[in-house]
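From first to last, the protein sequence lines are chains A, B, C and D. If you want this note's numbering, it's the position in the first sequence, counting the first as 1, plus 55. If you want this note's numbering, it's the position in the second sequence, counting the first as 1, plus 55. If you want this note's numbering, it's the position in the third sequence, counting the first as 1, plus 15. If you want this note's numbering, it's the position in the fourth sequence, counting the first as 1, plus 15.
Just to be clear, a hint being listed does not mean it is correct.
Taking lysine to aspartate or glutamate pairs in the DMTMM-like style, the calculated list, with each CA pair at most 25 Å apart, reads [stated by the list, open to error]: (1) B:201 / A:381; (2) D:210 / B:381; (3) C:114 / B:72; (4) B:101 / D:453; (5) A:187 / C:439; (6) C:140 / D:504; (7) C:415 / C:439; (8) A:201 / D:209; (9) D:114 / C:504; (10) D:140 / C:458; (11) B:201 / A:264; (12) C:140 / B:72; (13) D:587 / C:579; (14) D:211 / A:264; (15) B:375 / D:441; (16) D:177 / A:264.
Restraint-style ranges between C-beta atoms, simulated for each label pair [unchecked claim]: (17) C:460 / A:86: 22 to 32 Å; (18) C:577 / A:391: 31 to 41 Å; (19) B:272 / C:77: 41 to 51 Å; (20) C:452 / A:344: 47 to 57 Å.
None of these hints come from the bench; they were simulated from the model. Idealized CB from N, CA, C, for every residue including glycine.
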Amino acid sequence: MTVETRYTRADFQSGQEVKWCPGCGDYTILASVQNFLATLEMEREKHVFISGIGCSSRFPYYMNTYGMHSIHGRAPAIATGVALANPELTVWVITGDGDGLSIGGNHLIHALRRNVNLKILLFNNQIYGLTKGQYSPTSEPGKRTKTSPMGSLDYPFNPVSLALGAEATFVARTIDMDRNHTAEMLQAAYEHHGTAFIEIYQNCNVFNDKAFQLLTGRSERDENRIFLEDGKPIIFGPDNEMGVVVGVDGAKIVRVEDVGIDAIQIHDSSRPNPGVAFALSRLSHGPHGPTPLGIFRRIQRDTYGDLMVSQIEAAQERNKATSITDLVQQHGTWTVE
Amino acid sequence: MTVETRYTRADFQSGQEVKWCPGCGDYTILASVQNFLATLEMEREKHVFISGIGCSSRFPYYMNTYGMHSIHGRAPAIATGVALANPELTVWVITGDGDGLSIGGNHLIHALRRNVNLKILLFNNQIYGLTKGQYSPTSEPGKRTKTSPMGSLDYPFNPVSLALGAEATFVARTIDMDRNHTAEMLQAAYEHHGTAFIEIYQNCNVFNDKAFQLLTGRSERDENRIFLEDGKPIIFGPDNEMGVVVGVDGAKIVRVEDVGIDAIQIHDSSRPNPGVAFALSRLSHGPHGPTPLGIFRRIQRDTYGDLMVSQIEAAQERNKATSITDLVQQHGTWTVE
Amino acid sequence: MQEETLSPPKPPEKKDRVVIRFAGDSGDGMQLAGSRFTESSAAFGNDLATFPDYPAEIRAPQGTLAGVSSFQVHIADWDILTHGDEADVLVAMNPAALKANLRDVVAGGLILVNEDSFDSRNLEKAGYDGNPLTDGSLASYHVMTAPMEKLTKIAVAETGVKGRSVLRSKNFFALGLISWMFNRPTDPIYEWIDKKFGTDTPVGQANLEAFRAGFNFGNTTEEFHHTYEILPAKLPSGTYTNITGNQALAWGLVAAAKSAGLTLFLGSYPITPATSILEEIARLKHFGVKTFQAEDEIAGVGVSLGAAFTGHLAVTTTSGPGVALKSETMSLALMTELPLILVDVQRAGPSTGLPTKVEQSDLMIALYGRHGEAPVPVLAPSSPSDAFAIAMEAARIALKYMTPVILLSDGYLANGAEPWRLPDFDDLPAISVSHATEPNGPEGVFYPYARDEVTGARPWAIPGTPGLEHRVGGLEKEALTGNVSYDPDNHEMMTAARAAKIAGIANDIPEVEVYGPDDAKLLVVSWGSTFGSVRAGVNNANRDGYPTAHVHIRYLNPFPRNLEEILARYSKVLVPEMNRGQLSAVLRAQYLTPTVSLSKVQGAPFMATEITKKIVELLEDQS
Amino acid sequence: MQEETLSPPKPPEKKDRVVIRFAGDSGDGMQLAGSRFTESSAAFGNDLATFPDYPAEIRAPQGTLAGVSSFQVHIADWDILTHGDEADVLVAMNPAALKANLRDVVAGGLILVNEDSFDSRNLEKAGYDGNPLTDGSLASYHVMTAPMEKLTKIAVAETGVKGRSVLRSKNFFALGLISWMFNRPTDPIYEWIDKKFGTDTPVGQANLEAFRAGFNFGNTTEEFHHTYEILPAKLPSGTYTNITGNQALAWGLVAAAKSAGLTLFLGSYPITPATSILEEIARLKHFGVKTFQAEDEIAGVGVSLGAAFTGHLAVTTTSGPGVALKSETMSLALMTELPLILVDVQRAGPSTGLPTKVEQSDLMIALYGRHGEAPVPVLAPSSPSDAFAIAMEAARIALKYMTPVILLSDGYLANGAEPWRLPDFDDLPAISVSHATEPNGPEGVFYPYARDEVTGARPWAIPGTPGLEHRVGGLEKEALTGNVSYDPDNHEMMTAARAAKIAGIANDIPEVEVYGPDDAKLLVVSWGSTFGSVRAGVNNANRDGYPTAHVHIRYLNPFPRNLEEILARYSKVLVPEMNRGQLSAVLRAQYLTPTVSLSKVQGAPFMATEITKKIVELLEDQS
Ligand SMILES: Cc1ncc(C[n+]2csc(CCOP(=O)(O)OP(=O)(O)O)c2C)c(N)n1
Ligand SMILES: Cc1ncc(C[n+]2csc(CCOP(=O)(O)OP(=O)(O)O)c2C)c(N)n1
Ligand code: SF4
Ligand code: SF4
Ligand SMILES: [Mg+2]
Ligand SMILES: [Mg+2]
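Only chain A is shown next, with the shape it has when bound in the complex:
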């Protein structure tokens, strides 16, 4: 495109020193987001970033937009208030696997079902970074950390499955190192009217280095990234020799030559029924083998905010008596001489 964009990345840099560990995946995501926002026409002052607490949640400090670094787990609730107060804003939620899925799990699933107009970016590094390395709700079972010296006993969430189970209208997954894919997902989330949820795999090189090696390593990644693209058969592998079929028993990975290309599932994120999206989410549980990346689900449903506005408008249409005196009058009064 040759359109002049009004912003450059620098316009979105707050000037505060960025304080992540050198090499942290958060830097990459920060750059992707700043670059992406600079491509938009949307005025800078209309972006609001709300985060909780965690390394990832420092994000708003580095964005030259409105923002709040709130408290642990509560960003989806606070952001809901922002979005409902001013529908003109683009409200981004920045959260981590601990912030968003551990302490903040409830607010997250309720925001998803309500379809508030939020863009939720969950930086999943499968660890608590800020508190120096305890297991999180996405850590693999058996993970040894200081609070689980003999291995974690927790069975992890699959954030995509959880979001789908919570009636999300937009669910995607991407990975820090793949900036183009990240940009694509950001664009789609931005365009989605409703709650958009993106799980972003993010490397914590200090406490959980190489957790996503299978998806980023030069020699492993082609075998393990399953890109979901609408209208295309779900195939992957260095030579696209692998594919995904969906049937009476859920989704399965097959060799394309074993089933023939016609049996391969054609991806369609817009299916009203989330059953297939859910099935696809079960192909991986953490990045321990072939893992789908892309948009699992993207459907339209009324947003909470739009419904709220139309109820208020309808009420105002119907009842124009809006002074306190009117209120009291309707309640009933009497007079003492």
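Since the structure of chain A is already known, use the hints to place chains B, C and D with the ligands on it.
Okay, now just chains B, C and D with the ligands, sitting in the frame of chain A:
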């Protein structure tokens, strides 16, 4: 069976006056649970009922077992503590759609993923009963209540989908009025080693009467109850003329004659992949048409409690130095003469 | 109807005040009977105060003590302050209602009983061994009985109402009988029935007929010669409405938003006895208000904080357990210095406590229930109608000082009604608010933590404003820039600045006024809904020759600036509270005043006599 | 290594105490250097106290002020009480470390600098305009420089460590140099390196070589004649270990569980600075302890409450924000009267505040941060090792009185280490607990709310016990039966009973002891981790001729029974706290004592001199 059972229902009645509204579905469930417990060999003192707050959560008071009527939404957490403290107990969680899915949603999904050995009975009356009739996270969109005089804007959870998205190992649904089915589900939950989640549709005849009419009304119920039975094709209707197929597009209701009986999905709750269970959960969203009842999913996975016990045993096997003196010695000491 | 007993009624006994309590099973419609009686008394021009008392939140089994529901109304011909201590008249629809309420009836009071319900089953459920109507145990009262159920059945026979529904109308029978006894106008009742049910529906007709039957029963039955007349109250002239605390609070918030030119945003989670504020405001969508029923209390205050950040007048409403849950977010509101009102409609604690009963035991958590050094202003209304003014005042302070504010109401205020002389709504105190639109630093820099010299407030720049982009958060802020700062001196300075901002509000609120004679040796200090009983108790004491002064505090943090000086004037300071002495402890800590605490923790308001008794005791004690 | 500069070292300067601070970038390994130095000093027999000071929880960019990490150790030949006020020696690995710490170095103190890091880039990052090493701004200090990076590189050249890792060893260079200067034994360091890395690994070798190089550099460089000798401390004889507050607390809980014959259960959610208690106990599975990392703080206390109901010794650990979140469940623990210990390792608030910095500002929320009338016992340790005893005491009280207990530690105690003279672990106070096994009422009835006559505790009947089935919950309880009760008098009685139970603990805890001369006019009252600085400050004052007494309170609710009488003895009472006067306010409310508050809210402990100064000021003020 002719086995002498050691208990009768009366053994499980606490003698406290039952204080629900006359006609409330909670009475029926109370009777079902008391009757069921009386059929077991398990000693009465080993049952523990933990509830939150709500009409349903009054339940423990009426059970002559150990119990705690705790605080709003926290029962799954408290019950987890009970179950981990003494694995010999059978720990029941009694919660409502408000208690368990609104304020308590996070504890619920975390208990499910951890697979703590709990039996969770969620009484879903699609309303807040105790606080006199506000909409809940399972109320239908547009529901008019005192806090939503123009209709609720919330898109409701499907509790079964949510539980499946949260990695539950046992998920079932039943309805207060069908005592036999309730008893069957209780038995299966009791036998399940891990977190068993049962959504029980419960009529609140004061604030949300007839919400489940389609499933209980004499003239409607046969058309609308889809019983899931392992090993059997999923068919329903007055003449079993309807059935369910699962395919590349999720689960669908069809006329059996249109597809032939062989195309009908054979139910199997033990599939490791929850994809099909999830697809089945999407056949209904609230009891507004044909609705599956029965066990959606029942798989074995290590329970948190068992893993905890084996880690402790392994540690004790490995390190027998368990006096405080040993602890200090290992830390390092020096002596001042 | 027994025509043959017709006889001319005795002339009515004149009384200047009477307290009537309607009590029955929670299914018996006592709240309805009580509130209808209240309305027709209001229409008649009496002054009044009410006190509805529900059983536990859940419907208890019929006929049991746990299921008793009551509604008390105090009507008078002069300005009254409380719902009345003891009842002069008790209407008891069943044995449980009698048993639960008997202790509150004045000796010699009138007890009107639905005799049909005094069968052995109900007596047993209520825990009676014998029948109090016949065993002489009520000898010190004036007991009258009426076969209310039987007569109601007969009255509604023609209306088409059938089966169990027939007896539903018995509350109207009782209402009719009491209306006759107290000379109430019947029209307001007829009109209400018509409006509510239509007089052509079976239910409407049944209620009407039952009411008439009760009224006529009084008129016609010889036994019921005992009628009262209460003259219209000498209320100051003006226009009145009858209002509960929760309603007044809701309206006050709406009025404040209007006055400030902001949108009202209420994020809340239902909880007794606060829910009806949310319900009231949810009805007012035509005022442009936004209400949000959140998934829990933490989300309730969270969405509100988000709305505050975005420029709305943000409020969250709850009761004790919810205050506990909102604590962490309140602390964030304090650190981000955003305006936010937390309304706590107190109930009896701790834990779930007695959720439908009143208490004032959340003062300490309101003042101190946040980690770190976290002061916030705390205000409390003194009566249902004062809740309107206090709500506006809470908004004014929150907006002017950019701070969260806690408003401590309670279950008594919240559900109790009183006639409210309407202020001139066009002349309400203006609340001026401006959102920042321009940079306030050198070279176009915006300093989100620059403070107003007078108030100490920081500017409120809302998302969407070009050029003022900034970030707030829970980490300590650098002065001016609001950047994160770990500097030790900055932390000390900011902690002091936050405290000074709140303390400084003392200069912006009215001084307290001392009520009572100049020669008083004893000062009574009260707060919240005890105002009425305490003032009445103080009046009694003065009347009986015990000169006593009274100060009622509506601002609990900071205290009014003249309070210290006033406290120092009295040799004895009595602090009656529905808790174990919380305000008392705060006054001691702040002013080293040797207060005496009068504590009542019974889930029920003070009686004026309890206050008077304690005053007398202290004044007679020369030690 | 520069052989040619060899010259005989000057005789060491004898000192009885010295405070050394290691400061560098958070990546520079200063905590490690500091703690190794501490260990070898301990091995040498010195008494010591340490104070690690991390930057914000997050890794800050290298070289910036925000990224500075420091570790201070106070070593002495006699019993010392604090980590030292000002540093005698500062090791500064880069300009930021110098800048951030300079204000704490005594005038004339020694500053040892890594000169290689003072390039323009680092100077700029630290916000220096010029170079302090050359611009004369350090004239009042004794500055020594060493090219630590260059020498480290050379030293490790042969070890096989490559690239960026080479410089990782420079902390060992600094450690070696300081060890030489203070005559520390080198063996403990060699042993530790061997144990940790093996001396045959490249890393192990590199550290060893860097250490030797530093040590030798001191030995060989003429400039470094300035060496010190600190004689072994005259600690009382006994066996010692070096322990942090969090460790001691963890062990105390384990010991309490052993002593009570119960399983320890810890439900927690990570939060700085409390996390390491969970981490420590998680390591101790061979003790049969159960730890549970919950999804949030509410669940953390919830699982613990469930474990308490089921008969375990239940604990939950957190810091300020978590205390706020746990409030509602603590209130339930109080209503169900179950034993439960909440450990609050305080940090600077409000909100997220300064999470790695110390403060004592959670006293009010501990005492009053629950809705309703909800008193709980509150205890605070006075030093790292005292945390062991206090943890056992908290358990004893919780179990004996069937009550939740709050233990207020703080970040200074939690991470600070001191030598702990080991008690006889076979002779620890016994904690006797019995779970109810038999009915306690007539006819085989079990009364879960029957109270022990002395303690007021109810029986602890745990699930699984036949015949004692019962229900507990958050609604008000009927005395004895524990059934739900809405009775007004019962509520008042139970509220009083709960309060009396807690107040009665005063009879079961030691009286406080007054330290200091009999003729003291001024009393200093302190609590928590300020013990050391306050005691040192009091000692200084007495030494300087200002007779001053000191009382340190470990029990904050109820207070020791003799406290009132002691307070009354002094004309002035000074209360130094790392908050804005919270204990001070509580003492005023409780005893009407006109306390003077000395407040410090800088995220840093008091210096003894600050205490002394205030004492002198008060004693000289005759007003
Ligand atoms: C109420 C509260 N509980 C706990 C903490 C401590 N805490 C801060 S961040 C965090 C976890 C962060 O994990 P995650 O969200 O995955 O973020 P990451 O650092 O990995 O990006 C915890 C436990 C806190 N600040 N507040
Ligand atoms: C912390 C807290 N918040 C709110 C409440 C008020 N409350 C009690 S029960 C309830 C909802 C109950 O709904 P549900 O769980 O569906 O139970 P039901 O009464 O319908 O059986 C609410 C909001 C409370 N007791 N505690
Ligand atoms: S700890 Fe991990 S997630 Fe946090 S900043 Fe460092 S590398 Fe990134
Ligand atoms: S309000 Fe509804 S749910 Fe509650 S007891 Fe009554 S009928 Fe049952
Ligand atoms: Mg993380
Ligand atoms: Mg419900």
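Between residue 187 of chain A and residue 439 of chain C, does the CA-CA distance stay at or below 25 Å? This hinted pair is violated, its Cα atoms lying about 60 Å apart.
Sort out whether residue 72 of chain B lies within 25 Å of residue 140 of chain C, counting only the CA atoms. At roughly 10 Å apart (the allowed maximum being 25 Å), residue 72 of chain B and residue 140 of chain C satisfy the hint.
Given a hint of 41 to 51 Å, does the C-beta separation of residue 272 of chain B and residue 77 of chain C actually sit inside it? With a Cβ separation near 27 Å, residue 272 of chain B and residue 77 of chain C fall outside 41 to 51 Å, so the hint is violated.
Between residue 177 of chain D and residue 264 of chain A, does the CA-CA distance stay at or below 25 Å? Within the cut-off at roughly 20 Å; holds.
Taking 22 to 32 Å as the hint, is the beta-carbon distance of residue 460 of chain C and residue 86 of chain A inside that range? The hint (22 to 32 Å, Cβ to Cβ) holds, given that residue 460 of chain C and residue 86 of chain A are roughly 25 Å apart.
Restraint check for residue 210 of chain D with residue 381 of chain B, where alpha carbons must lie at most 25 Å apart: holds, 19 Å
Please check whether residue 452 of chain C and residue 344 of chain A have a Cβ separation lying inside 47 to 57 Å. holds, 55 Å
Is the Cα-Cα distance between residue 114 of chain D and residue 504 of chain C 25 Å or less? Satisfied, since the Cα-Cα distance of roughly 15 Å is no more than 25 Å.
Hinted pair residue 375 of chain B and residue 441 of chain D, Cα distance within 25 Å: Answer holds: residue 375 of chain B to residue 441 of chain D is near 17 Å, not above 25 Å.
Hint consistency between residue 201 of chain A and residue 209 of chain D [alpha-carbon to alpha-carbon, up to 25 Å]: holds, 23 Å
Evaluate the given range 31 to 41 Å for the C-beta pair formed by residue 577 of chain C and residue 391 of chain A. holds, 34 Å
Going straight from one Cα to the other, do residue 201 of chain B and residue 264 of chain A come out at no more than 25 Å? violated, 52 Å
Hint compliance for this structure: hints 5, 11 and 19 are not met, and every other hint is.
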